[in-house]
Structure formats: structure tokens, C-alpha cells
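Participant: Below, each chain spelled out in residue letters.
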Amino acid sequence: MAKGTLEEMIRQLSQLNSAGMYLDDFLLTWDRSDDEIAAVFKTAEVLMEMRKENISPRIFDSGLAVSLFRDNSTRTRFSYSSAANLLGLTVQDLDEGKSQIAHGETVRETANMVSFMADVIGIRDDMYIGKGNAYMREVAESVSQGYQAGILEQRPTLVNLQCDIDHPTQSMADAMHLIQHFGSLENLKGKKIAMSWAYSPSYGKPLSVPQGIIGLMTRFGMDVVLAHPEGYEVMPEVEAIARDNAAACGGSFSKTGSMAEAFEGADIVYPKSWAPFNAMEKRTLLYGDSDMDGIKALEQDLLAQNANFKDWECTEELMALTKEQSALYMHCLPADITGVSCVQGEVAASVFDRYRDPLYFEASYKPYVIAAMMFLAKVKNPAEKLTQILQRKERRAS
Amino acid sequence: MAKGTLEEMIRQLSQLNSAGMYLDDFLLTWDRSDDEIAAVFKTAEVLMEMRKENISPRIFDSGLAVSLFRDNSTRTRFSYSSAANLLGLTVQDLDEGKSQIAHGETVRETANMVSFMADVIGIRDDMYIGKGNAYMREVAESVSQGYQAGILEQRPTLVNLQCDIDHPTQSMADAMHLIQHFGSLENLKGKKIAMSWAYSPSYGKPLSVPQGIIGLMTRFGMDVVLAHPEGYEVMPEVEAIARDNAAACGGSFSKTGSMAEAFEGADIVYPKSWAPFNAMEKRTLLYGDSDMDGIKALEQDLLAQNANFKDWECTEELMALTKEQSALYMHCLPADITGVSCVQGEVAASVFDRYRDPLYFEASYKPYVIAAMMFLAKVKNPAEKLTQILQRKERRAS
Amino acid sequence: MAKGTLEEMIRQLSQLNSAGMYLDDFLLTWDRSDDEIAAVFKTAEVLMEMRKENISPRIFDSGLAVSLFRDNSTRTRFSYSSAANLLGLTVQDLDEGKSQIAHGETVRETANMVSFMADVIGIRDDMYIGKGNAYMREVAESVSQGYQAGILEQRPTLVNLQCDIDHPTQSMADAMHLIQHFGSLENLKGKKIAMSWAYSPSYGKPLSVPQGIIGLMTRFGMDVVLAHPEGYEVMPEVEAIARDNAAACGGSFSKTGSMAEAFEGADIVYPKSWAPFNAMEKRTLLYGDSDMDGIKALEQDLLAQNANFKDWECTEELMALTKEQSALYMHCLPADITGVSCVQGEVAASVFDRYRDPLYFEASYKPYVIAAMMFLAKVKNPAEKLTQILQRKERRAS
Chain A
1 MAKGTLEEMI
11 RQLSQLNSAG
21 MYLDDFLLTW
31 DRSDDEIAAV
41 FKTAEVLMEM
51 RKENISPRIF
61 DSGLAVSLFR
71 DNSTRTRFSY
81 SSAANLLGLT
91 VQDLDEGKSQ
101 IAHGETVRET
111 ANMVSFMADV
121 IGIRDDMYIG
131 KGNAYMREVA
141 ESVSQGYQAG
151 ILEQRPTLVN
161 LQCDIDHPTQ
171 SMADAMHLIQ
181 HFGSLENLKG
191 KKIAMSWAYS
201 PSYGKPLSVP
211 QGIIGLMTRF
221 GMDVVLAHPE
231 GYEVMPEVEA
241 IARDNAAACG
251 GSFSKTGSMA
261 EAFEGADIVY
271 PKSWAPFNAM
281 EKRTLLYGDS
291 DMDGIKALEQ
301 DLLAQNANFK
311 DWECTEELMA
321 LTKEQSALYM
331 HCLPADITGV
341 SCVQGEVAAS
351 VFDRYRDPLY
361 FEASYKPYVI
371 AAMMFLAKVK
381 NPAEKLTQIL
391 QRKERRAS
Chain B
1 MAKGTLEEMI
11 RQLSQLNSAG
21 MYLDDFLLTW
31 DRSDDEIAAV
41 FKTAEVLMEM
51 RKENISPRIF
61 DSGLAVSLFR
71 DNSTRTRFSY
81 SSAANLLGLT
91 VQDLDEGKSQ
101 IAHGETVRET
111 ANMVSFMADV
121 IGIRDDMYIG
131 KGNAYMREVA
141 ESVSQGYQAG
151 ILEQRPTLVN
161 LQCDIDHPTQ
171 SMADAMHLIQ
181 HFGSLENLKG
191 KKIAMSWAYS
201 PSYGKPLSVP
211 QGIIGLMTRF
221 GMDVVLAHPE
231 GYEVMPEVEA
241 IARDNAAACG
251 GSFSKTGSMA
261 EAFEGADIVY
271 PKSWAPFNAM
281 EKRTLLYGDS
291 DMDGIKALEQ
301 DLLAQNANFK
311 DWECTEELMA
321 LTKEQSALYM
331 HCLPADITGV
341 SCVQGEVAAS
351 VFDRYRDPLY
361 FEASYKPYVI
371 AAMMFLAKVK
381 NPAEKLTQIL
391 QRKERRAS
Chain C
1 MAKGTLEEMI
11 RQLSQLNSAG
21 MYLDDFLLTW
31 DRSDDEIAAV
41 FKTAEVLMEM
51 RKENISPRIF
61 DSGLAVSLFR
71 DNSTRTRFSY
81 SSAANLLGLT
91 VQDLDEGKSQ
101 IAHGETVRET
111 ANMVSFMADV
121 IGIRDDMYIG
131 KGNAYMREVA
141 ESVSQGYQAG
151 ILEQRPTLVN
161 LQCDIDHPTQ
171 SMADAMHLIQ
181 HFGSLENLKG
191 KKIAMSWAYS
201 PSYGKPLSVP
211 QGIIGLMTRF
221 GMDVVLAHPE
231 GYEVMPEVEA
241 IARDNAAACG
251 GSFSKTGSMA
261 EAFEGADIVY
271 PKSWAPFNAM
281 EKRTLLYGDS
291 DMDGIKALEQ
301 DLLAQNANFK
311 DWECTEELMA
321 LTKEQSALYM
331 HCLPADITGV
341 SCVQGEVAAS
351 VFDRYRDPLY
361 FEASYKPYVI
371 AAMMFLAKVK
381 NPAEKLTQIL
391 QRKERRAS
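Protein chains in written order, with this note's numbering: chain A, 1 to 398; chain B, 1 to 398; chain C, 1 to 398.
Rather than coming from a laboratory, the hints here were simulated on the basis of the structure.
Idealized CB from N, CA, C, for every residue including glycine.
It is possible that part of the hints are untrue.
With the C-beta cut set under 10 angstroms, the calculated list includes, among others, these residues of chain C facing chain A [stated by the list, open to error]:
#1 Gly-88
#2 Gly-104
#3 Ser-115
#4 Asp-119
#5 Gly-146
#6 Ala-149
#7 Ile-151
#8 Leu-152
#9 Gln-388
Covered by chain C, per the in silico footprint, the following chain B stretches (three or more residues, Cβ under 8 angstroms) [said to hold, decoys possible]:
#10 52 to 63
#11 110 to 116
Please construct the entire structure, taking both the sequences and the accompanying hints into account.
Facilitator: Structure follows, in C-alpha cells:
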């Protein structure tokens, strides 16, 4: 992408209205205006270019970035940690345990107890349908109350690092990858992206990636196709958002039960496994009852159900159906690669291998997207501040 | 509290003699002079106000704050981490395991090995009567020897984050809460505080909170009443300190076997569960022998013993006995709230709920108390340094 | 050691050619030239003296130091963490689990995913013969590819924190201890060092310490004697390196099956347990097959084999054989001390006790050695940069 100079990028940012992000959280991409979404991309680009030019964009002399991961996560953890560190914050983990789902007073108390010197709280809570995003909103409300009561000297900003509904840091990084690949946000208009279910021998992958993709990519005038076997529906309210977006932005949103149909003429393919919505709902109830036998039984059922759709694999044959046989293959990683990480999986080894560098690029934007979300929530005049940073010329590595 | 300007607060600090804290540890409040105690409050106030005014009080460009928690701890961990971060130190956890109680050479070796670049060591070791504070003193002596031998380039300062005898960061934060609530340290004179045992369905809570409270609050001319059922005595040596303090400072220290008597006319109530001293001694021996069956049996006995005193609950009826029916309710959190976190617990839900904001304020002072302890141990002329910090106007968040 | 002023030390550094270390990894001491080895010592000395004089050598305003420890490690973890912190980097742990040995694509993917903002990667992977160093080289190649493809904005430097072949941060810290003890690197010429196996009641200690010692100390014109019972041979390729070094540097490398013979007239003794090479190879295969019963059986065999050589203990009698009965006793710690940490172990309590301070000094150089390795890999003109640091007079603790 022709980005132009840092000065030019900052000038472009200054023309976007991101005031609504200041002191606010980033929980769902569809909560944010088009200008705000564009401001995140632009700020991320600026921060990335600054780091390349060895300019430190540090804006904190001290402060904590609280992290709460209910699930193991190497990639998102490093992305969050990198973003916090770039801006001058120190990560402090809040280790609440995987299965413990706190409610009401407990959430309110803990949220305040960890926030006396916290500027940001990043939460990954993607395991339970109907819970993850609701938990984030409880935390958000709790710290708002604490701030209003004068208990918290500042209100920490929440960043959704993946919930049951959306995975905004992933979908935004994915979009940045597309912007880089196709040259500009405007160039995405009219491109066809196939967000397709794919077979995996593993169990219970969250729905937030496909939901995040259809909820975001429909805003850019793209033709978004969601493909999955029967029983693997995503949340209807997110489909509704995708439909509304498409109607408003001049693109389209459609569904199909055929991977081949989705791939046909696609500019971009995103084949990825996820669990059936119903099963995720059941699992949430089973976890609520601590019914470990029930969970094991459900897991067996799910694996059996998945096994009916082993032909949902991103093969060379399917790739040959795409635009000029060379659609951009995307994945949030790690992928289940046939013959490499499993006997049969989401993608053929030869396809994955060909796109390895692009996949790594795709992942490389996430730390900057997170840093941009933090920056826009914490800095009142982002373009002005970035100009100051540019002028002070503090080196990141001396 | 009318605090006046930062300049005025720093002037007040300059009139206190805290020289004895420089390069020393903070292990027990009763090891410290009245001026030193007052200096911690004043420094904590200054640091808190500085952060509110976005002034960074960072005094380290690098350096480690070692943390050793033998027990899980969200609140104290975040407080310690926040304090270290505010001053520019990075927390590095020393994970020695819960049950391992190192002695002699092992302590000496480990203490030196982790201290080559350590400025502070924070230890929480509250589980074993007769062990926690003794362990801290072993670490303190070890790093003194290492420093004298020239092995350690600086001697790290120890901060007691809770031991078997005292919980100074808690009691000092609690006192700061009272100072803020009643307007000044002087205003605490003559106030009645009821430190009372309360029923909890959980097991083996440390004695360091009630001990810390009676050992500290008796210094401010307060009328301190300790209430508990028979069998829940605290350490006699701490009671002796409380008596001596009261005699020296014009307040009083008394004991009662009735929660109602303690609450009668009280300005402040602090109802909280703790384990019987004898049981804690037994547990220490059982742990020493790795007698897990014995520990389980002891636990059952303790729960049964606790259950005899389920009426020791801070109810609305008891609160009605207090001064103007509106004593300040305190707790170190988390509390066992009847009908909320347990069937029957330390406090009625309606009482707890009414005091939620004050309770969060109470907790909010701990990071600043810890930071003040570090600051006074590391800075030779604290008032002068704070004046410099005020003048250099480094922003915490830009 | 007469070190002279910081200016003089920096001048000495400027005369050493360490250009080959810039942007390179530190995996094996024998990969590095004599000038490079000397530059690490000199830089470590400068950094140590700077910290003593309260000068901050921070060269990063932000950045991550990734750590991957496949084994528990308090000492090395704190050393790495201290070094990173001194230079301005924040440690982020990569928790891959003990038993998981990733290969090929997985290594490549993970290495890139954690490196978007990483300046250094420190790895300790010492448990499997033939695996640890190979894994490091896979990571090194992966980040090189990522950097060349433009995915990584900088190529993180690898530091070997212990592998199956070498333990360069230990052997370099040990050598620094000898330099300090004997006054200069030149003074080590002609000194006799006995690297001897010793009995331990524990199982499977890595070979990297004896290998690191014979591979490094033979470069300084020392007489290096390796002593061990039959069956405790080290890797033949490292013995070959030791022999070649000795031939090139005017010292000697010899082997003996007698601890007494090794100690005879020695200036330095380094008695330490390690596992038999064959057993470590077997263990690697068993771990590869997840054969936990096989591992347990092997452990029993090893302990029985060790028990044949309980007389390999560093006693006062053996110490009496050394040069003027007062050889310098060394150990990487923790040691198995007879009657202290075990019934019978590597060293008599009276011997260990007499050398406690020297042993702590020995350990104290490791953080500085690691920091020097990082510094020389990240700074193009180290002497010039250190001069700038000296002139800017940023205080570490204010």
C-alpha cells in the first residue's frame, strides 16, 4: 500500500471524527462509526510506521494494562502485551480461572480492586454463548460506577480481546491485511470474501471469528458469503447486522450450504472451523452446572457431528474455483492443516504453505490494531498527539 | 479531608522525622515511630494527589520489585504491582510454591540470587503461625549479609504484604481510610472502633488483620475493642502491644465476648472472621509433617467450631447499636455476605451494600501506602525529592 | 580486579572487534571469536560498574524480551529478567509446556507470532540431548525468514539460556568470576581447573555445565581436567572442541577417572553432578514416545548407577590436595550439600560454607553477562554508545 509519509497519514487521521472513542471501550465493531473504524486503521498504520522508523510512540510513563484471559492464548496475549508495552503500560494478569464465571457484586468488586492504577483492561472470554460480552459490559459498568463515585481516579478502557459475539481485534487486523493487500480501504468495494466453515478434528472453536468477519467486512461494500453445513449457524443477531451493513454500504451478504459455491470467483477465502451454536449454548449450561460428564458427552457428539463434514476442506480444487485461481487465503491461526497438524483438517498443506507469508503478515497487524484502540481511547486529540510524538523524536531503540 | 495543595502536604511531610525508614524494611507497624507512621500516610497522600494531577512520581529508570506470594492474592498482588509500577519498578514473581517453607541456607541463597538487581522484595506469607514473619526476617538478614559482603550492589527493602503477626499494608490503608473519613489523624482520638470476629463458612482465615488493627489503631488515641467468642483469641504478644499503645497514647484497649457490647456506641465496626490461634498452630505443625489427612480433619473441626457462632453476624440490628446507628463499616475484602457469597456469613447483604463505596475507597489506599513505604525506604530526603518531582512536571499519561 | 575508570574500560572495549555479534545470536561460546568473548566480559563489567555508580544504561524505550523456559528456573529467570529490565525491555513469557517439543511449521509460526515487537528471545531447553540447541537454531532461522520477508520489523536476537550442548551464560559468568578472582583474563593462563563429576541423589542433571566449562576455559590457556566415573562421558564433539582450543591457546585438556587426580594441585575445582550421556539420549526417546513408565524406570536405574559413586564428593580431604590447599571452589547452584540439602551429595557442608560468598559472587555476574550479550547484539558501536550513556548521566534510581 502506498502509505505516504507519516505526516500525510496523520493528516488523513485528522480528517476522521474519532471523538466517540475517547474514554470509551472497544467491545463490538458495529458499535463504532465508519470514521472510528477508519481511525483505528490509520492510527495502527502510523504506529507501525513509527516503530519501523524507530520512533517511540510511548504515551504513558507508568500505568497498568490488566489482562484477563479465560482461555489459553499465545497470539492474543503477545499482541496485547506488545501493544501495552509500546505505549508504556505494564501488563498485570488477572487470573480468575477458566471455569469461574463471576457475576454481579463479585464482578463489580474485582473490577474496581484491579483498576486503581489501570488504564486499560483487556478481556478474552469466548467460551460461553451469552456470557462473554455480557461479562465485559458488567466490568465496563462497574468501572464507570467506580469512576463516578471518585473511587477510581481514571476509568480504564476495555478492549474486547474475543468474546462470544465478536473478535474485533482479529477482524480489524484481518481488514488491515486486506487494506494492505488490495491497496486501500476503498479498493475493498466489490471484492468477494467467502467466510466458510471448515472441518476440524478439534472441538468447540468459538463463533466469534466468523461473526466478527461478517459483521465487519459487510461495511466496506464487499460481497460477503457465509458458508456452512446445516447445524453450524452463527448468531442470528449478527447475521442481521451483516444484512443491514450490506444494505447500507452497497455490498451484499448471502449464505450458502456449499463451500464450492462460496469459493466461486471469490477474491478472498477464510475457511475456518467453528462449533454449532446450539452446542455452544448447551455447553454454557453444562459449565454452569459443573456437569463434567455432560461436557464430555457433548464433546463426543460434536466430534461425531463434525466428522460428517470432512469434505469441508480448503483444497487446491476449491482454490481453483476462486478469482483467477488465486484468492487470498486467510486464517486467524493456528490452522488445522491436513497431514501436518492433524490427519484431516481445515486446509490442504500445499494451500497453507503457499500463503504462509501472507498469513504471518495478517497476524502482524493485531498488536498495532490493539495499540490503536488504546491510543484513541486515551488521547483526546490523536492527530495532534502523533504530530508531537513525531516531533519529539524519542527513539524506541537507541 | 482538606488536604491543601501538594506543596502544603510536602511541607507537612518535611516536618516528620522518617530518617529511620531510609534503607530499612517495613515489617510491623509497631516497629515504626509515630513520625514514621505519619510520614507513610502523608507520602501516600502526596503520591495519590500527584497521580490525580497526572504528575509521574517515577523514581526508578529500571529495577525489579520481587514478589513472593505463598497464597493466592488478587488484591494485594495488584496493589503491590501498581505501587512498583508507579515508581518505575518491574515486578518479578518468585514462585516458591505454597507449602514449601525454606530455611537457613536455602533462604539465604535464594534471597541473594533474586536480589542482584532488586530494589524491593514484597512477601506475603500468612499461613503458618510462627513462620511468616520469621521467614521475612531471615530474608532481611540474608540480603543484609549479601550487601555487606559486596555481593549485592544495593540492599533491597522488604515490605510485609501480610504475615502471621501483622498485615501492615492493610492496617495502614484502613487507617488512611479513617483519616479521610474523619478529616484528620487527630480526629481519630476518642473514636471507638470495634474489631470483631464474625462467622464465616470458610476455613483458616489469618489472624493478621485483627492483630494489625489492634496494634495500629491503639496508637491514635482510639478506644479499641476486640470482640470474639472463646477460643478465637489472637496472639497474646500483640494484645500486649495494643495495651501498651493505649496506655501511651491516651486511648483504650479492651476485650469482650459479645459482638453487641463491642458495637454499642461504636464509631467504626470491623467485623471479620479469623481462625482460632490454636488451630493455626496445629495446622502449622501438620503442614510441617505434610499430614494432609490431619489437615482435612482439622478443617472439619474448625468448620464445626465456627458453626457454633453463626449469630456473630454484622446485622442491621447490631448496626443499630452503633453511634447514631451509622458507624463506619470496614472490611479488608472479600467479605462473606449472607445470601450473596454464602448462605450465612460475616455480614448482612443490606449492611454490606450500603457501605460498598466506602469499602472500595478503603481498598483504594493500599497501592499508595505500599508505594509510600517503598519511597521512604529508597529516598533519603523524601520531601525534597517530592518537591523536585513536582517541579519537573513529568506527566504520567501524556 | 583493578578495573580502572569506566572511561578506561570503555576504551579497552573499543579495541576489541565485536562486529560479528551485532544483530547475531549467542548460542555457543565456541561460535564466537576471542575478541567477541572478551567484549562480553568488558561490556558486562562496564554495565555492572555503571549500575554501581547509579548510571542507567537503558537503551530501549519499549520492546519485549521473550522468554521460553522448558524447565523451572529461578536463577536464570531472574538473571534474564534483570538483564532485560536494565536495558529497558519487558519480559513476556512464552509458556509452551515442558514436554511439548514443537517442530518445523509450528516452531516457525510461533517464533514469528511472538516476535512482532520482540527484540530478544531467551530460551532454556536443556532436557533433551540433540533437541535443545537444534530447537534454538530452528527459532533463529524462523525469525530470519520472517525478517527477510518483511513480516518482522526487526530480527530478535536469541540468547541461549542453557541447551543440551552449552550453557554459555553460566560458563561466561563463571569465567568472569575467575577474571575478578585472579585479577585479569591474562592471569588465567596456566591455572589448573578441575571440572569434576560429583555424586547427587537427584536425577538427570544436564551436561551443559561441564560441556560449557571445558569448551570455554580451554580458550584461556588454562589446564582443564575433566574427571568422571566411567559411563558419565560428555558429548564427544564438545571434547573435540576442548582439545582443539587447548592446542590453539597453549593450555591443555585432559581426562581422568579419578577426582583426586583432578584435584591434585588445582587452582580451581568445579565438582558437579550430571547424568550419563547415554541415559539422556534414552530419556529423549522416551519423552518423544510419551513413555512415562519407561522414564520412571530409567530414573530408578540412574539413581542406582549414581549410587555406585557416592565417594565422588568434594570433601575437605580432596580440597587438601589442591594448590596451597585452597583452590577456588565453584558451582552453578543450587548444590547438593551433604547433611544440609541431602544425606549425601556433591560437596561437604564445611567446604561449601567456606565458599559461600565467592559462590554468590560467581552467580552475580550472570545478569550482566546476559545484558552484555543483548547489548552487543543490539548496538552497532558499543563503545560509542556506552560513552554516550556515560555522558547523558541518566540516573537509574533517583
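Participant: Against this structure, judge whether each hint is valid.
Facilitator: Hint check results:
1. Gly-88: Because about 9 angstroms separates C:Gly-88 from the closest Cβ in chain A, which is inside the 10 angstroms limit, the hint holds.
2. Gly-104: Cβ of C:Gly-104 sits 8 angstroms from chain A, so the hint holds.
3. Ser-115: holds (9 angstroms)
4. Asp-119: holds (7 angstroms)
5. Gly-146: The hint holds - C:Gly-146 has a Cβ within 10 angstroms of chain A, the shortest such distance being about 6 angstroms.
6. Ala-149: holds (5 angstroms)
7. Ile-151: Interface hint status for C:Ile-151: holds (4 angstroms vs cutoff 10 angstroms).
8. Leu-152: holds (8 angstroms)
9. Gln-388: Check passed: Cβ of C:Gln-388 comes within 8 angstroms of chain A, closer than 10 angstroms.
10. 52 to 63: Contact hint for the stretch 52 to 63 of chain B vs chain C: holds, 5 residues under 8 angstroms.
11. 110 to 116: holds (count 5)
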